[in-house]
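Using the sequences provided together with the hints, build the complete structure.
So the chains spell out like this:
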Amino acid sequence: MQMSILNNITAGKPRALIKPVIYTTLANLAQILPFAFLVEAARLIFEPFAQPGAPLNIERLWWVCGWMVVSLLLLFVCEIPAYRSQFRGAYSTAAEGRTKLAEHLRKLSLGYLNKRDPGDLANMMMGDFTMVEHGISHLVPQMMGAIIMPVMAIVGLSFVDWRMALALFAAFPIAILLVLMTSGLQRRLGATHMRAKIDAANRLQEYLNGIRVIKAYNLTGERFVRLERSFREFMRQSIRIEGLLGPIVLAAIAFIRAGLTLMVMVGVYLLIAGSIDLITFVMFLLVGTRIFDPLTAALVNYAEFRYHEQAGERIVQLLTEPIMTGEQQPPAENDVKLEGVSFGYIEKNVLHNVSMHMPVGSFTALVGPSGSGKSTVMRLIARFYDPCQGTVQLGNQPLVHMDPEALLSRVSMVFQDVYLFQDTISNNIRFGNRDATQAEIEEAAKQACCHDFIMKLPDGYDTLVGEGGSTLSGGEKQRISIARAILKNAPIILLDEATASLDPENEAQIQKAIDTLIEGRTVIAIAHRLKTIRNADNIYVLENGTVVEQGQHDELVMKNGLYARLWKLQQTTGGWRLSS
Amino acid sequence: MTMESKAGMQPKKGVRRLLEIADERRGLLVVSAILSSLSAICMLVPYASVYFILRELLTHAASPAMADGAYMIRWGAIALLGLLGSLVMMYAGGMVSHIAAFRILYGMRVKLASHIGRLPLGWLNGTSTGAVKKTLEQNVEKVETFVAHQLPDLVHVVVTTVLMIGVMFYLNVWLALACVVPILLGLIVQIITFSGTKTKENIKRYYDSLERMNGSAVQYVRGMPAIKVFGQTVHSFRRFYADMITYRDYCVKHTDDFQNGFLVFKVILGSFAAFILPVGVFMLSQDPQNVAFASVLLFFLVMAPGVSAPMFKLLFLTSTLRDIGEGVERMDRILAEQPVAEPLSSQRPQSFDVAFENVSFSYAAEGKAGGEALSRISFLAKHGQVTALVGPSGAGKSTVANLIPRFWDVSEGAIRIGNVDIRELSSTDLMNTVAFVFQDTFLFYDTVYNNIAIGLPDATPEAVYAAAKAAQCHDFIQKLPQGYDTLIGEGGVYLSGGEEQRVAVARAILKNAPILVLDEATAFADPENEYEMQLALAELMKGKTVIVIAHRLSTIRDADQILVLERGKLIEQGRHQSLVEANGLYARMWKAYTDAQDWQMGEGKGSVDADEYTEQYHSR
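Chains as they are written, first to last, in the working numbering: chain A, 1 to 580; chain B, 581 to 1200.
Hints were generated in silico from the structure; no laboratory data involved. We put the CB at the ideal spot given by N, CA and C, even for glycine. Possibly wrong hints are sitting among the right ones.
[What the hints assert, rightly or not] Some chain A residues flagged as far from chain B (calculated, every beta-carbon gap over 10 Å):
no. : residue
1   : 158
2   : 331
3   : 356
4   : 396
[Unchecked claim] Among the chain B residues that face chain A by a calculated CB cut under 8 Å, a handful are:
no. : residue
5   : 621
6   : 624
7   : 657
8   : 663
9   : 697
10  : 802
11  : 824
12  : 854
13  : 981
14  : 985
15  : 1170
16  : 1172
Following this line, the structure appears as structure tokens:
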């Protein structure tokens, strides 16, 4: 269990702690030196009074002064490697850890990633690793250091006088017990506090995102009350956790520090009984003024340590999430097949025993009401998920055994949601092919009908796109994503036809770009407007996760089934007009 | 006016601003400061006790058995009492300062949120909600560190130091001076390390590289589908790896810069004895048999950690203060934004015609880049009629729609509802008069029922169901696990885009406002449900002043008035037939539109004459 804590706080690299802990321990040992000289000085000062007639050993006191200064220099020298190993080590570990996590993320299935909040994942990579950094650089070494000195002191002092040493630390186990016994309460309070915090965050997000609706419906009062209440609850919980956890920590501190009083009592008794000498008592008194500070600090650190450990735990959990496996290279043929595929996201199956075949160079359309499983079929072909039963095949080989990256290099996807990176237009298109020349990029842009609007931008191809591509219109982003796909030149195209209607003003241009993209390839398209897929080689009509019809447009219309019904319905809407 | 008021205010910055914030809870903070001071004094009691015991031992050093045991045990007990008193006081002070801090946080959050609610909506469009959220959550949170921890710590340090130095000077001037030297040294080293120009530069670089790495990380995660599909890795993606390494290197450099200052401070504070002892030994050598001086020297040696221990709390003071100051500045920037001006008394419009009179508007006036989005637009949208806005993207259609609810205010001209300038209407009255259905619907984390009832909070359940039926959502709502009581969002269900749109339409139907501003694209957010959606809209539009942003020209053929916009100007106006006959932009758009409707995927270039369409646009 201890090991798992260390594993968590270092995000899976407990070895990163070895060096900082060793050096910090050394530095803490060095701290004992000046203290030892202080005790020696006190002894020397006491000597003449303890044995009347004995002269004050001034020369020796000067030596002690000298040694004290030397020990300070030594301490400074010892602190340097401790400091460097703590901080430098922490930053290197975090950098390596971030890289590892980023690569791991990339290998997870998109299905899994879609379930996660991207803000959460980004925060994990940045915020949580900052906490791990802090854990490695400060918390663990400081706690180790804080424990080393008292432990050394206990051992050392036991040899001097075990009764006094015992008195000094007698209450310590009670303090530990107190902290451990209340850890359940601490966790519970922490969880309630966390819930209040998350709730406040969600209400705030809702308020910010919905502010248009809030204003338009005059809800500034009512919706604001919800937000205000969540802020108030968060405040209450924050005060509550402070108020309830404070006494536990302070009581523990009281127990630890009570050792001083206990030791004084035992010491006085022993001294008067003549059972210890004066110098021993003096030494214990001096130790008693110093020994508890690091222990108290360690105790306060511990709470922080547990909090940071949770951040590391989140990372470790994500790192153990299974990645997509498979090493085989996909075969040369590019026909896609589904054989008896069943699939469900959680429990309920979305697809039941679906079989399809998309031959090389053919154009296949998937049609059906929303929720019929069209998008799921697409996701299975791109291996966002693996099917629960049956197989998805490329060139007669099941996808599960294929290297996911090699598979994706065969596929281009043009979907409704396009994500552009905060980079130049050129580089955004270059994503399609890292080695493309500028001329090739412009050629692809021309084919995707984006060249003209790009040339009108302030810096042409070197214009920076805002984060998420926010500075371009939906249709423009769409065409850039098509240019990317053209540049990638993959033999299989997955396409959402609704893409074309995103930007009705530029519909014709997007249509042209799509036509260029799909020429001579294996195309699988989700179709919403049935008119656009009239000349598909094959149309699969899905309903409730099963293929109910299949064939070409004319055949399907003749059948008078679901497709025919949808077709008629859309013919009606086509003539719809707005009027008062 | 904005400029003047900003220049006149002279906002406070940094620590002074933080103190100003803390001042809101002055009463609590004074109590906390007093308790914190008392705790600091009590904290010294154990050290003093040890000193008194040592002195007793020193006086009876020759025959320890003669020492007053009861006296020493009493001091031992006093040490415990002092400790307990200090801890109790620390707890009480800590609670008071935390209550103050959390109340301040709460107050700031409420203030910020309500301020944002009064800002023109355009403001949020120009800012990422992520940044605003971060300000309200994390930046505000940091004020807690200052109010609940740093202020009491400062009081603690100051009280302890002043008290101890006072006592020390009273006991022995020279030894006291020996004690002051390391304190001053420590402070000077702190100041030098943290204020060097090179350091400041490095800190800036450090923050910059952190920001860059964060930016890359967010994009890496959000763009994961693209990253995967295009075979990118950490190493190839946008210098992400390089950013992480640069950040690490700056961190290392940053800590290297602080290394010596930090360690010197730490070592000096931990070694007051090294400064006291030489002075003490020197003075002792002058008068070796002086018991009084020997005990004073012991006092200094014993008490030294009592002074230095609290000072360790100042170790990170400057860097955290800067961090907090930065956050507060961001917060103040939001508070400095001007809210939408409300009229003193709201006028009542006599009719529901919407008139634009010479309206010009530019986003640049709002501090954003861009030319004039609308110039001198005039039109009248009559009550009971449909007015359609048409034009290429970027022509200003959405801007016209956004000006009606005062998401922004016009730069010139006026918008009137039944002869009343919308700026003369209170926002409540304005919003009661106008209903909006936009493309980006927003549903609250609440039940489906409440999400519709928003339209008219005191509506009867029957009215809500009727609105839902009219908006074609009744059927799908019935199929949800808990029907109308199903929660939307986390822990509940997520609706499809089309379903969300229909809930939004139901809201608008329930609201039943006389003026309706509508984005026609709403109608085909979900092609499968397009037909139902259109029925819902037709229901909604009955007998209203309707202003619609049109994308698909076929839907507005019967509109009473079509306004054709291009580059912010109104260039054509009329009904469908007359506009087609006029053979202008509308006619060309109509032709391109009807051609695009015949598109069949994979059929090649035959059916789509996109080139011609493009030319039509770019030859203009």
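Each hint tested on the structure:
| no. | hint | result |
| --- | --- | --- |
| 1 | 158 | holds (21 Å) |
| 2 | 331 | holds (19 Å) |
| 3 | 356 | holds (18 Å) |
| 4 | 396 | holds (23 Å) |
| 5 | 621 | violated (16 Å) |
| 6 | 624 | violated (11 Å) |
| 7 | 657 | holds (6 Å) |
| 8 | 663 | holds (5 Å) |
| 9 | 697 | holds (5 Å) |
| 10 | 802 | holds (5 Å) |
| 11 | 824 | holds (5 Å) |
| 12 | 854 | holds (5 Å) |
| 13 | 981 | violated (12 Å) |
| 14 | 985 | holds (6 Å) |
| 15 | 1170 | violated (13 Å) |
| 16 | 1172 | holds (6 Å) |
In summary, the structure is inconsistent with hints 5, 6, 13 and 15 from the numbered list given earlier, while agreeing with the others.
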